[in-house]
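S.K.: Listed below are the residues making up each chain.
Protein chains: 2
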Amino acid sequence: MKRATVQITAPTAAAKPAADLAALPVSALLQEIYDRYENHLEGKLADYIPELAKVDRKKFGISIVTADGFVYGVGDSEFEFSVQSISKPIVYGLALADRGRERVLRKIGVEPSGDPFNSITFDEKNNRPFNPMVNAGAIVSTSLVKGVSAADRFQRILNTFERFVGRKLSVDENIHKSESATGHRNRAIAYLELNSGMIEGNVEEHLDLYFRQCAILVTARDLAVMAATLANGGINTVTGERALPAEHVRDVLSVMNTCGMYDYAGGWQFSIGLPAKSGVGGGIMAVLPGRLGIGVFSPLLDTVGNSERGVRVCEDISRYCRVHLLDYRAGNQTAIRRSYRGNEVRSKRIRRDSDSRALDEIGGQIVVYELQGDLAFPEAEAVTRRVMQDAESGNFFVLDFERLFRVDSVALKLIRDLGGLLKARGKELVIAGYKFGLSPGVDVSLPVELNADGVLERLEDIVLSRAGHSIGEEVEPIDIPDLDIVSVLSKEQIAKLSKLLPPRQFKKGERIIRQGDPADSLFFITRGRVDVRVPIKGRAESHRVSTIEAGKAFGELALFEGGPRTADVFAASDVEVLVLDKIEFVSFGKNEPEIYRALMIAVGKSLADRLRRANQEIRVLAQ
Amino acid sequence: MKRATVQITAPTAAAKPAADLAALPVSALLQEIYDRYENHLEGKLADYIPELAKVDRKKFGISIVTADGFVYGVGDSEFEFSVQSISKPIVYGLALADRGRERVLRKIGVEPSGDPFNSITFDEKNNRPFNPMVNAGAIVSTSLVKGVSAADRFQRILNTFERFVGRKLSVDENIHKSESATGHRNRAIAYLELNSGMIEGNVEEHLDLYFRQCAILVTARDLAVMAATLANGGINTVTGERALPAEHVRDVLSVMNTCGMYDYAGGWQFSIGLPAKSGVGGGIMAVLPGRLGIGVFSPLLDTVGNSERGVRVCEDISRYCRVHLLDYRAGNQTAIRRSYRGNEVRSKRIRRDSDSRALDEIGGQIVVYELQGDLAFPEAEAVTRRVMQDAESGNFFVLDFERLFRVDSVALKLIRDLGGLLKARGKELVIAGYKFGLSPGVDVSLPVELNADGVLERLEDIVLSRAGHSIGEEVEPIDIPDLDIVSVLSKEQIAKLSKLLPPRQFKKGERIIRQGDPADSLFFITRGRVDVRVPIKGRAESHRVSTIEAGKAFGELALFEGGPRTADVFAASDVEVLVLDKIEFVSFGKNEPEIYRALMIAVGKSLADRLRRANQEIRVLAQ
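Protein chains in written order, with the numbering used here: chain A, 1250 to 1872; chain B, 1250 to 1872.
Don't read these hints as lab results, they were simulated from the structure.
From a predicted model like this one, the values you see are computed outputs, not experimental measurements.
Virtual Cβ for every residue (Gly too), placed ideally from N, Cα, C.
Don't take each hint at face value.
[What the hints assert, rightly or not] Among chain B residues calculated to face chain A with C-beta under 8 angstroms, some are:
id, residue
1, R1499
2, G1522
3, H1573
[Said to hold, decoys possible] The calculated lysine-lysine pairs, modelled on DSS-like cross-linking and capped at a C-alpha distance of 25 angstroms, are:
id, chain 1, residue 1, chain 2, residue 2
4, A, K1839, B, K1745
5, A, K1308, A, K1426
6, B, K1839, A, K1740
7, A, K1839, B, K1740
8, B, K1745, B, K1831
9, B, K1293, A, K1374
10, A, K1597, A, K1786
11, A, K1839, B, K1831
12, A, K1293, B, K1374
13, B, K1839, A, K1831
14, B, K1672, B, K1684
15, A, K1839, B, K1839
Produce the complete structure using the sequences and hints provided.
M.R.: Put into structure tokens, the structure is as follows:
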């Protein structure tokens, strides 16, 4: 058995793949299917024009393209053949884009006719062809393509195909001439359509365009990319270019679904269940919406005119890979990735002990829901229900949009209504991490672009403030005895220690500690707040680890570890700090062992406290 | 305008919902749609039997049931009417279950006929009705239902319906009698089928069953539950009972999709795009696979025999909620929830400093991928590709199945192949958190039921062991100078401290520290390991916070904080510890301030170190 070469093409957009991607499991699977039918040479070549009957009957190629633009190919997946009827959905899409949905739907029906593809019967009641996948309908589609001249119109058709496949295409002139010379039945259909007003303009020009579009040369890989483009809402997954306006994709897929496979449409939907189109050139393209595109080429046709091996390959892929549209799937998926409360996970703001303890008590009234994936109707319904079930037990309900890929307008409406319901109960809905173009239209008090941590920080402020705590700018400068760590000392001890603590001021934005400098002192914040930041390789902006506020200390590791500072610290507002020099403190400690001991214990206790909180957060986040 | 009552029924399985769930956003949306068509009284009642013409033409109800069994209803959603043709897919499903797919497909085709529902034409070539949604096909379906008597057969049909809707159902005997007395055309169809061998047995019995199944009384809510049952792979989402074997669901949905809406099948698929079935009783059920079921009742029919308002309601729901099967969706969803390496996130094992530092260097060869949602072909394809892209940079690749809802067999095959590919490169694939019934069939060295943390712990051991570290049972008892914290002291200092450290032994499973007891001592582990555990309210099994091994200390917070112990500690193996009493240590410290200071600093440093690691983990996990 001759083994076909597996061809793997990397997406242009993705990172350079490792060389051995050629051995991916899906390549092996395609190879298996290829091997199964390599010698299955049933069916016969199309022979209504001599060019089609001349094709090598053994040619056979399969390609799959993923939603992120990865191309699998096996066999003759780069062999060119004429696209034929597979041009119909593409040109139908172009007609929709050129003339608008309403006009096109008036001109071409969407009912499967039950008649052969070249039928000369029409939907008499509505004076139009039954659907755009029979020749009669496809000719009307082509007649609707705009352009200032025949050449211009064809260039627009060709450009559309090129956007769909992501490469330059050409026309087989011999096939075009043959089709044109022998297409008497299509000519009859077109003239009948002209006669009954279904098409307008120069009928010979329309016919020539139609014959020409059928003679465009494509490969199985091209068909898979076309299919993946349709699967991807009209954007070519390999090139990233839009080939069809998003609003027309569903209609194109719908007519492929009901009428794409000639007289096998019902059986195809039953057993394969993917919108598809075949052509007498031997190609089939099939679409798994949102997921992937399939292209197959084998020129031997079955009795209804579909590629014999193409249908079998699609059957095997559908059954084996379980990609039938109506296969059970995703029933339990939820848009809520995880949920936590403000007493379980804290913002990056490190607060005074009194505030922090208060949040242990009252932080639970903040509930954060991290959303993921797509937020369409079913997911949004479940979210609204979940939040309303929790409504009694909280006051602030944060929906974190950061990890959502797509949000439907109906989902936003449900979220908006949810906001209203919560408001009527004196509760508040908050949106976080919203990065979609349009305003969410939800009446919320915080900026929707804030990430969940930022929202949490502000809500902690609100919750604390409502409970009578002073917050942020309201906080008076802290006296030494009120500093969290120092507060364990007696009045006399504090008086002695104070002499060791020279004050320093920093303007907002000034650097207080530089990563890598020796850790030689501890800082007590008496006014304002500081940001702890870590530089990230290859990024200009450093990462904010935490914000520490007045009353707390930073750089305390200096007391335990020598070595370099592990982060930068910047003044996040105008700041006043008291500086405790490590060497001075150690020698001070020799005379005042009690003070030394008490302070070391207080710093240790604060570390222990933060470690316990951090471990709790890890437990929540790891869920 | 009379406002309809919104009825919300809680799922029996779910927790008691809050009372104000009646005001959920989706209820409001259904109410809007209801209001829009409340006075839309076009169409006419079915009148081929007098009973149908007597129904109150104003009756109108809408219901939606979710994949988790939540029932929305508006208007007359609990009003009973005869199911009529909506019985066809249900009985087709029963026939598939009774006779097997192959036999049923031989007896009834799956091609839309293009003929009216009561057509007396057949697929002559295959000597069978075109599909099970026309009367000719439905009668064959009924003829295939098994049973020892007519009564038994009908009971089986009725029971199937009852499992689909989750309540007892009855038959309208007047409708049944009327249909039977006037169903001459159906009788003719059945006798023709008998004549040509399409059905066997007692034709009058089959016909009577058929008329009777059409006269079963259901509500819009029942239809929505039936549809949700189909959406949910054949399991009733409200009761949890199976109504149809999973393997036949797709086939039932397929024929509904192509042939369910009489002559409007093509237009319905184009504009609404949900598998559906209507009946002349005025009902429509529509299915969004995996997601939800819709039931509508309004007895006024349009010209092709579908409920006039029913079609409009479904159109509005499909367009507004964007639930058309071919609407673009989920294109970017990924099964990989997050990924981290063994140097970023550690297992719960707290290791000696030397091992821990080693993992900072070599832990990166362990790569964990947390999977989520469903693992079908497209998701599995992406996973295999991602892992192969990372293959060069790691040695152990852990797929965490814990958060997966469903795994397809093709996905397991791809994962299996991935394991083979990695093995061929001297790398290893590991499955974690596998809780599906069947063996994954993947050749892995660790038990697949272990959770990701357990797997990580074992892989850390393997990685350390390969790098020449002694692990677990191999570790010799630790001498005092080799204890991580003590190692900062000089020989003389250690000799002095040793006198303070009486050894104690614990048998595997013994409790060493009890949560709530006063924290009065620190323990150094010289042999074995201990588990830190926190009791969880309402659970017999406590939660393991961490496992600490020989060389490390525990209970160190005693040195900084007084107060009660915050967790239990148990011997995870036979254990030997050295105990440092806090009070003794403090008084010792008065004479040996240097030792005291050095030890306090070492403990503080170890806390600082763990805090830094914990914060890094939080950053990784919060992604």
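S.K.: Now tell me, hint by hint, if it's right for this structure.
M.R.: To see whether the hints hold, each was checked on the structure:
Look at R1499 of chain B: its Cβ gets to within about 5 angstroms of chain A, closer than 8 angstroms, so that hint holds up. Interface restraint check: G1522 of chain B against chain A, minimum CB-CB distance 7 angstroms, threshold 8 angstroms, status holds. A hinted interface residue such as H1573 of chain B counts as satisfied when its beta carbon comes closer than 8 angstroms to some beta carbon of chain A; here the least separation is about 6 angstroms, so the hint holds. The hinted pair formed by K1839 of chain A and K1745 of chain B meets the criterion: a straight-line CA distance of about 20 angstroms does not exceed 25 angstroms.
With a C-alpha separation of about 24 angstroms, the suggested pair K1308 of chain A and K1426 of chain A falls inside the 25 angstroms cut-off, and the hint holds. Of the supplied pair hints, the one linking K1839 of chain B and K1740 of chain A holds, its CA atoms being roughly 22 angstroms apart against a limit of 25 angstroms. Distance hint between K1839 of chain A and K1740 of chain B is fulfilled; the C-alpha atoms sit about 22 angstroms from each other, no more than 25 angstroms. For a cut-off of 25 angstroms, the pair hint linking K1745 of chain B to K1831 of chain B stands: about 16 angstroms separates their Cα positions.
With a CA separation close to 22 angstroms, the supplied pair K1293 of chain B and K1374 of chain A stays within the 25 angstroms bound. Restraint check: the Cα-Cα separation between K1597 of chain A and K1786 of chain A comes to about 21 angstroms, which is no more than 25 angstroms; the hinted pair holds. At most 25 angstroms may separate the alpha-carbon atoms for a hinted pair to count; K1839 of chain A and K1831 of chain B meet this at roughly 21 angstroms. Distance check on the hinted pair: K1293 of chain A and K1374 of chain B sit about 22 angstroms apart at the alpha-carbon level, within 25 angstroms; holds.
A C-alpha spacing of about 21 angstroms is found between K1839 of chain B and K1831 of chain A, which places the hinted pair at or below 25 angstroms, so the restraint holds. For the hint linking K1672 of chain B to K1684 of chain B, the alpha-carbon distance of about 24 angstroms falls within 25 angstroms, and the restraint holds. Only pairs whose Cα atoms come within 25 angstroms are accepted, and K1839 of chain A paired with K1839 of chain B is accepted, the gap being roughly 11 angstroms.
Comparing the model with each numbered hint stated earlier shows that all of them hold.
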